[in-house]
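Sequences and hints are given; from them, build the entire structure.
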Amino acid sequence: QQQVKQSPQSLIVQKGGIPIINCAYENTAFDYFPWYQQFPGKGPALLIAIRPDVSEKKEGRFTISFNKSAKQFSLHIMDSQPGDSATYFCAASRRTPLVFGKGTRLSVIA
Amino acid sequence: GAGVSQSPRYKVAKRGQDVALRCDPISGHVSLFWYQQALGQGPEFLTYFQNEAQLDKSGLPSDRFFAERPEGSVSTLKIQRTQQEDSAVYLCASSAKIGTEAFFGQGTRLTVV
Numbered sequence: 001q002q003q004v005k006q007s008p009q010s011l012i013v014q015k016g017g018i019p020i021i022n023c024a025y026e027n028t029a030f031d032y033f034p035w036y037q038q039f040p041g042k043g044p045a046l047l048i049a050i051r052p053d054v055s056e057k058k059e060g061r062f063t064i065s066f067n068k069s070a071k072q073f074s075l076h077i078m079d080s081q082p083g084d085s086a087t088y089f090c091a092a093s094r095r096t097p098l099v100f101g102k103g104t105r106l107s108v109i110a
Numbered sequence: 001g002a003g004v005s006q007s008p009r010y011k012v013a014k015r016g017q018d019v020a021l022r023c024d025p026i027s028g029h030v031s032l033f034w035y036q037q038a039l040g041q042g043p044e045f046l047t048y049f050q051n052e053a054q055l056d057k058s059g060l061p062s063d064r065f066f067a068e069r070p071e072g073s074v075s076t077l078k079i080q081r082t083q084q085e086d087s088a089v090y091l092c093a094s095s096a097k098i099g100t101e102a103f104f105g106q107g108t109r110l111t112v113v
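So the protein sequences, as listed, match chains W and E. Heads up: the first sequence at position 59 corresponds to 59 in the numbering used here, and the numbers run straight through without jumps. Heads up: the second sequence at position 69 corresponds to 69 in the numbering used here, and the numbers run straight through without jumps.
Hint data in this document are derived by calculation from the structure and do not stem from the laboratory.
Computed far set for chain W versus chain E, every beta-carbon distance over 10 Å: (1) 19; (2) 24; (3) 26; (4) 28; (5) 53; (6) 65; (7) 85; (8) 110.
Stretch-level coverage of chain E by chain W, calculated; a stretch enters the list once three of its residues show a Cβ under 8 Å from a Cβ in chain W: (9) 37 to 49; (10) 99 to 111.
Bear in mind the structure is a predicted one, so any value in this text is a computation, not a measurement. Ideal Cβ placement from N, Cα and C applies to all residues, glycine included.
This is the structure we're talking about:
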């Protein structure tokens with residue numbers, strides 16, 4: 001049973017566009033939802049995280065939207081740039097090791 | 001150190017060899033995690049330490065995998081009698097406490113030939 005389902009698997013957007021990556025989770029006990037960015041040959045880097053007491057969080061060009069009743073959360077990247085081309089992972093936990101989605105490969109083309 | 005450090009970055013092992021992968025967490029971080037990442041996949045949990053105590057090893061794929069953190073700081077993941085299916089990137093992460101921000105190292109890419 002996959003506890004965190006991520007979509008789409010891959011995404012291509014033009015520079016300046018707003019890619020949206022979605023995740024759905026099974027376990028209603030989860031209370032911490034981070035997003036990680038990974039470049040080839042590097043480890044995942046924490047981008048932004050949210051807890052279920054808020055519905056939205058912004059940090060720079062990155063925004064998480066959280067829908068507790070639907071058990072879904074999403075990452076929006078404003079004014080995307082070619083340098084944002086990477087693989088993005090959502091994750092979830094509740095005082096447990098992180099459970100990751102399978103990742104979304106984002107390509108931002110100029 | 002400033003971040004999580006892993007060594008070696010790359011390891012090529014002949015099938016049947018034993019390997020040891022090292023992780024230096026961020027100083028003061030209580031929680032330490034090992035993950036396995038296959039090509040094109042998300043990280044899969046292997047094991048978790050709180051200080052020197054191994055609290056969860058449910059993700060270790062077989063008894064050939066063993067991890068330790070004897071002094072609550074540096075950790076070693078050991079794989080005995082390596083098999084081709086062990087080829088993957090092994091990631092280490094640490095956090096001040098579980099359920100908070102976890103920071104990853106660059107990983108060790110293990111190739112078993």
